[in-house]
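Chains A and W supply the protein sequences, listed in that same order. Residue numbering for the first sequence is 1 to 388, as defined by the working numbering. Residue numbering for the second sequence is 1 to 383, as defined by the working numbering.
Where hints are given, some of them may not hold.
As the list claims (entries may be wrong) - Example chain W residues on the side facing chain A (calculated, C-beta under 7 Å, incomplete):
1. 62
2. 65
3. 67
4. 79
5. 80
6. 95
7. 98
8. 132
9. 190
10. 192
11. 194
12. 242
13. 356
14. 358
15. 361
What the hints assert, rightly or not - Examples of chain A residues lying across from chain W (beta carbon under 7 Å, computed):
16. 66
17. 76
18. 192
19. 247
Unchecked claim - FRET-style restraints, in silico, Cβ to Cβ:
20. 299(W) with 103(A): 44 to 54 Å
21. 156(A) with 23(W): 30 to 40 Å
22. 156(A) with 70(W): 40 to 50 Å
23. 23(W) with 103(A): 37 to 47 Å
24. 193(W) with 125(A): 58 to 68 Å
25. 157(W) with 122(A): 46 to 56 Å
26. 125(A) with 159(W): 26 to 36 Å
27. 157(W) with 139(A): 22 to 32 Å
28. 152(A) with 138(W): 44 to 54 Å
29. 258(A) with 219(W): 28 to 38 Å
30. 21(A) with 350(W): 41 to 51 Å
31. 70(W) with 229(A): 45 to 55 Å
32. 156(A) with 20(W): 25 to 35 Å
33. 354(W) with 251(A): 19 to 29 Å
The set of hints was computed from the structure by calculation and includes no laboratory data. Since this is a predicted model, take the numbers as computed values, not measurements. The beta-carbon is built from N, C-alpha and C at its ideal position, and this holds for glycine as well.
Residues per chain, in single letters:
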Amino acid sequence: MGMRKVAVIGAGMTRFVRRALETPKELSWEAARMALESCELTMDDVDAVCFGTAPDAFDGIHMNGEYASDGAGAWRKPFMRSYVGGGTGVFVPIQGWYHVASGLFDVVLVVAEEKMSSYYPHPQAAFLTIFDHTTERALGPNLLWIFALEMNRYMSTYGLKKEDIARVAVLHKRNAAAHPCALLGDPKITVEDVLNSDVLAWPVQRLDVSPISDGAVAIVLAAEHVAKRLTDKPVWIEGVGWHLDTAYWTNRDLVYPRYVEYAARMAYEMAGIKEPRKEIHIAEPYDPFDYKALHHLEGLQLAPRGRAIELYLDGTAERDGDLPICPSGGLLGVGNPIAAAGLMKIAELFWQLRGEAGERQVPGNPRRGVAQAWGDLMQVGTVVVMGR
Amino acid sequence: MSEQVAIVGVGWSGFRPKTPNLSYKELMYEAAVRAYADAGIDPRRDVDSFVTVAEDFIEGTSIFDEYVPDQLGAALKPVHTITGDGLHGLATGVMLIRSGIARIVVVEGHSKASNILTPDTITAYAQDPVLNRPLRLNTHFVAGMEMHRYLYESGTTREQCAAVVVKNRRNALRNPLASYGADLSLDEVLFGPPLAWPLGKRELAPTVDGAIVIVLAAQDVAQALREDAIWIRGIGWCNDSPSLESREWGNLPYLQEAAQMAYAQAGLRDPWNEIDLAEVDDTYAYKELQSLEALGVCGYGEAGSLLAAGAFDLDGEFPVNPSGGSLGVGHMLDATGLMRALEAVLQLRGEAGAHQVEGAEVALVQSWRGVPTTSGAVAILTN
């Protein structure tokens, strides 16, 4: 089966901030403009636009995709918004991929935008409405409690220690210090800082969690014949995968994200990867909480179950280690404007694989990377493998 | 990579103004079971990818895609949501198959409109929060403004718009899935209760509940599954400006472009002569005429008189909305495009019963996402 090859040829992103003054349209356009300028294209060159943003409840705008469409550049163009909750940021490049791979379009602009600060006083309350209206919402669940349950399950199953898991937050936030768009980069943060931060819902503490933020990211995708004409350094989308598990998350063993495993296997099969740990040189697993990065590294088959922490303890995960993890700084360091945060990981792989990541550059000319996001009710995995 | 994509199964449930005995999950399940039986497939074994169309505020649930997989047999499978009309979902299925990543794709859309207590308040939340929302514009008032401009620019009359209602609701009398079949006179529509001048209340499509599931397959799979597969020869979609201030009001440029995209794929040059029936947007009666013109079926301002001459009747030269359309069947929110595609499939299979268009071979399907969007999609189906 000969699939049409699709390349990333440009990327741009806004700063991730606590409270942006720009409207969602303006954030979208800023990122889109930067992505287009990075590959010297204009909107006239774009055949279609794919858009990602998480719940409409944040912005309080019904059909938020339609509202933001012109900001994302979709004036008199085919436009669609795809949606898999928190997994959207790594799904929207997959949507862009199938737009181009289908043969219907040659150049597609992919934009992910999130403005969480419009929700007053705190966007956490919007998440109450993601739960089942009959069985769960009446209990007033809070996302932090749910992740506390999951983190507890993960720690107690494998006997993991809080001070070890805190090293994930420390590494990612230190990495983010080199990212010009980062909200929470901190070159001096220590494990003690994480362990001494406020307890939100035991065992989750404030510095175990990524910050809510506003921001937007955009990338430009092109078919092979166009990409080769426009750039000497195309970064190919080699594999894509996504899986959505049952809505009945309470019936699931939270210790292992099987949906991430299935999504990863789908992407690896397409990319022809048989031994991910050896064939992948950079990983950007989804890290809204520090333990989630570990969870997802196991789902991505980059570490045996319960042992992802070893990558952090022995230095493998560091920027100059054998498998750099979240060299961008991840959600924990750069910030977590939900859909934009996922696409930020794709943009990071693009810059890293082209050797354009500046201070964040991973040494040794990395050839292949994987990015992953997760979302819904601990339910969806989205995976993209990129290579040059 | 399969260039040609076919519809190999359809299923539906509900199609009633209220379905108090069924949840949206049960509606989806019923439609899915019928579609899988129609296609002769097992969702757990055979389906590579699932696509649903939904909007959070309509569902009353944030991140609604969470609640999709179980009742479709899609748990732990590739599933994603498109916040678009059903035809956007269908286009997504086509792209997934053409890309080579899937060979069988299921597309689902549903409406549980009867659960929504304040639909006008929700649609008002779709307006620009900075520029328009402070003006407290009612959704139907915006439609009334568009109708006014369309009548002014095109020379179409209120009587011609009212005749759309008469035609579609009469067609609906022949369609067992339609909830709003009626034999109305032109005066009953024209002099009925007002909505937002010049729009009358009977020119607004009332909503229904229901779910539709459509199974798509790559060419070789489709040919192995059934002899009477229906082919998607072209599919196009487009957005114009979402802001009320910077769009055209008399014309529908997004629909013209979506149609050109679909026609180019289908190799279709002369819609009037090459298409046997059309299921087009009639959320408001005037939209049927305005849409037919944007689709290039006839010239600007000509649809009204063609309608008056009977061209769009069930037995006319160019039957439009033989199902009864949204005015007759009921509006199914974002599932509306799939409702129209379902009607086209039944017509092209020759299974439409009392509202069958004789010898139908090519069908045009079109939808619009409603006020305040400028989002339209078009598909060309053949048998």
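Practice task
Would you list, in rising numerical order, the hints stated earlier that this structure does not obey?
Solution key: Hints 8, 9, 10, 11, 13, 14, 15, 18, 20, 22, 24, 26, 27, 30, 32, 33 contradicted; others consistent.
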